[in-house]
Amino acid sequence: MKLPKNRLMVAAALTVAAGFVLSGCASGGSGASTSASGGPIVIGSTLPLTGSLQAFGTSLQTGYRKAVDEVNAAGGLDVGGSKRQVTLDIQDNASDADKASSQARNLVLSDGAVALLGPATPQLTIPVSIAADQAQVPLISTITPLEAWKGGSSDGWKYAWDVFFDEDQMTDTQYQTADLVSTNKKVALFTDQEEDGVVMGGLWSSKASEFGYDIAYQAQFPVGNANFSSQVAEAKASGAEVVIAQVIPPDGIALLKEMKAQSYVPKLVFLEKAGNTGGYPKLSDGLAEGTLAANWFAKGMGLPDEDSFISEYASQLGGVNSDLGTVVYGYSIAKMLLDAISSAGSTDPDAINDAIAKISGDYPLGSVAFGDDHTSATVAVQTQWVGEDQVLVLDTQGKAANPIVTPTAGLQ
Amino acid sequence: MEVIVNGLLTGGLYAATALGLSVVFGTLRMVNLAHGELLMVGAYLTSVLVVALGGDPLLLAIPAALILGLLAYPLQRFVLTPVMVRNADAPVTATFGVSIALQSILLLVFTSNPRSLNAPYATAQLEVLGVGVRVSLLIATAIALAMVFGVHLLLTRTRFGSRVRAAANDADAAGLVGIDVKHTFAMVLGLAAAVAAMGGALLALSYSASPSGGMTWLVTAFTVVVIGGLGSVRGTLVGALLVGLVQTLASRFIGAQYSDVVVFGLLIAILLIRPEGLFTKARRA
Amino acid sequence: MRAKTSAVTNRGRAAVAGTFLQYGLPAALALVFVLLAGGLQRSFLNYGTELLILALIAMAWNLIGGFGGQFSLGHSVFVGIGGYTVAVLFDETGLPFPVVLLAAGVLSALAGVILGYPMLRLRGPYFAIGTLGIALAVTSWMLNWSFTKASQAYSLPARDMLRLPQQFQLAVVLAAAVLIIVTAIVKSPLGLRLVALRDDERGAASLGVRRVRTLLPVWAVSGFITGLTGALVAFQQGSLTPAFAFNPSWVLDAIVICVVGGSGTLYGPLVGAVLVFVLRQWTTDFSDWATLIEAVVVLLVVRLVPGGVWGVCESAVAAIRRRVRRGPPDRVASNRVEEEVMANV
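Residue numbers (this note's numbering), protein chains in the order written: chain Z, 22 to 433; chain V, 86 to 370; chain A, -5 to 339.
Hints listed in this document are in silico derivations from the structure and should not be mistaken for laboratory results. Given the structure is predicted, the values throughout are model-derived calculations rather than measurements. All residues carry an ideal CB built from backbone N, CA and C; glycine is no exception. There is no bait here: all hints are sound.
Below are the SDA-like pairs computed for lysine to any residue, each with C-alpha atoms no more than 20 angstroms apart in a straight line: (1) Lys257/Z x Met86/V; (2) Lys267/V x Pro300/A; (3) Lys257/Z x Arg337/V; (4) Lys303/Z x Gly139/V.
Which chain V residues face chain A? A few, computed with CB under 8 angstroms, are given here: (5) Val177; (6) Ile190; (7) Val311.
Given the sequences, and given the hints that come with them, work out the whole structure.
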């Protein structure tokens, strides 16, 4: 009979609905009140602790934790006269933009975070920045190139901030480095179709003539492409002695293998993005030895606390590499946020936001001062893979540092 | 000319990767969404053996294949076959579950960094017909040919093969004449997994493997199998050669950024014009 | 005899009441939530919107995949088209919000018809691969199309973004509307033809049920709903890239939800969405293991509970009713048949 079934259905539906409504009506999140009164200050972060961006996520986590632990060990953060402990609430977004965005909202709405620390790469940072602006809670991010990040907002960011290098300056470094070595000034460009591949590819193309170089061959391919046979053949035929590539780590290995197979040994191989993977020469069975990559941290850069970070983390991260740099940057922006909360004297998001705008000083990643576009640029340098370390070859002034090993060792 | 030779040899590699899917799709009529992960797990298993025992990766791929085949047997027997019986579409979801499970296991154990198999011949080159070709692709094509014909003979000339074909055609009738259908189906997935492991090892040798890389290869494998035709192992070989050729040609003359569009376009075109593929006898639906 | 007559009349009344509830209850609940949206806790609104997005895509997929038996692996293409339509229209034109929303659905449906029409001749795995191929081809195309900024993030202007309460209200209204539409379709002659086609194509053909003519409108509606959901996703996320908007994870999530909840049932997708959503929230703390746990749960459900959770509920209710209603032995068979028929409407 229909009737008992209907009654059952109606009863079930009404119970469930009532449950939802009641839970929704419950007065404001307990997390928020704790942060306001005198309990621990909650800082949230959604990080790619698993998935393809795992290395960045785990290194950022190390850096964030170091800053928070330091403050807590000193008795807490001084806010408006009283010292309060800081709780770092980290969630794993598995390198997924949807999860990142959702977790950012949850951290603010459910866990009572008064400020957020960002994930890495534009594909995660932009959605999280949008969520922060919507929730009107400050967010500082790093490991996200500035132009790509700025492009993610049509009217400019209000609560989101980014500290990293500018693609424009970064794409100068390849040419400046190439100038340090004698080549035939012919460049072969390999870029993938991810956001950064397209942006950097465009910049490298347009700057070539400015530096006196000629783009002899240019290839674009989808992310995950493994078949480089015709591209490498054409690059080799063009006679380019400088190769600049923007590829993800697996594609980088495929590209290097193809180059070795075709005995294409350029004088300089810039392997951007892939080259920022810790231990890349080992992962590629030595093929990546001698390849170069733009970096944000290297020994000899002249950054404050350079040596103490190297001695503390180099061995556990497998060498002086981008992962170490990520730890330094993570620590720095966490420290910046904590300093801002302290100088704001309160946990009100707008007060913290204003305090961030006024930040100016030196942090382990360099000197910081935010512009009206909410960015603060750090300087990209060039490093070369020598064994387990990425050695500085072009310094922050654009001048030679350590000598460059050429042609590319791993391909010979 | 060079493009054509390279394209065909790349196709040979694709054949090795797609064979496992063809066997499953052709006999069990099951859309195995976990095939890409089987390739990757095979590559990782081989890599583990290489690190532990040292030696040539391709030789070690054989025990890796056996291990994966043995692991796949209970999967089919106890999880997938019972699901297949209920509903034509549930196996897709089940294999999707397996795919996600395998991916997360790989991530947990090996992190997200790519892995590569190395050997002196992995990056060597040879002159064939005046064209430079990668030795690893030649080897892959040779192995693919061997596997394709091996499986073809297995399916057409042995008692096991007739059991498989009988069970695939009509499981109930096969059961009535005394064929252990559950066991046969499980053996089929075991065979497919073993072949996939070898394919994965070849991939990691020529390129690289990563936990999340399975999806891309799954799609290529499906394209190959659909073009070649359901139920025809030799069709898979031809389909693979065609896909490899088309992809490399498109990459060379249109640009690699459009090569995917071209390959998928080919897949769609075949589905619209001749869904049974190029090598199956045309069937009125 | 007399008992049977009164039973028929009771049944008739009950059927009418049932129909009224099936249409009225969702509408009433939606009204309640829309009115209360301003007063509800923000985290609840947030969770609610996310949950409803999952439910919407699942309901849309269920229409063609569950009721129609056509297993689509390409539904992500509709999410992407809906989302990008919103982004482009807001950016390039000054069209008002409702028009943009509608356009997202209409364009998706149109694309579905143009791209999917040739695929509807195919069956089973071929249809699945074909739709997947279309989705991937469109994604590759979008990655190269400069009009939609290729792989760069396409952001919605801040003024056009919805605030959280409004997102929730929109999600609730859409979900109720979709549930009502799906119920209406399933109970209509088209719905009967659809299910007949799924269950026995030859038999249905002999009764005059034409394959493509039946499937096409259903496919179009499914695409329309998914396009609207894509628009909602765009409003919620604020920024799109092809890798995100066209990601196969949309359709794969829908499939998992339908399987867990009960494919081919009216309320299965809703139940499934709630279960999957709760599971995901619960496993957030074991991040490494979260996806593995979810995969194992999916496998267990598929293996042990093929009808999905709602399917189990329905069978349980039917079994209980049979036991309650069991009359004299010679009437058991006919009662059961009648109840099965009534229960499956």
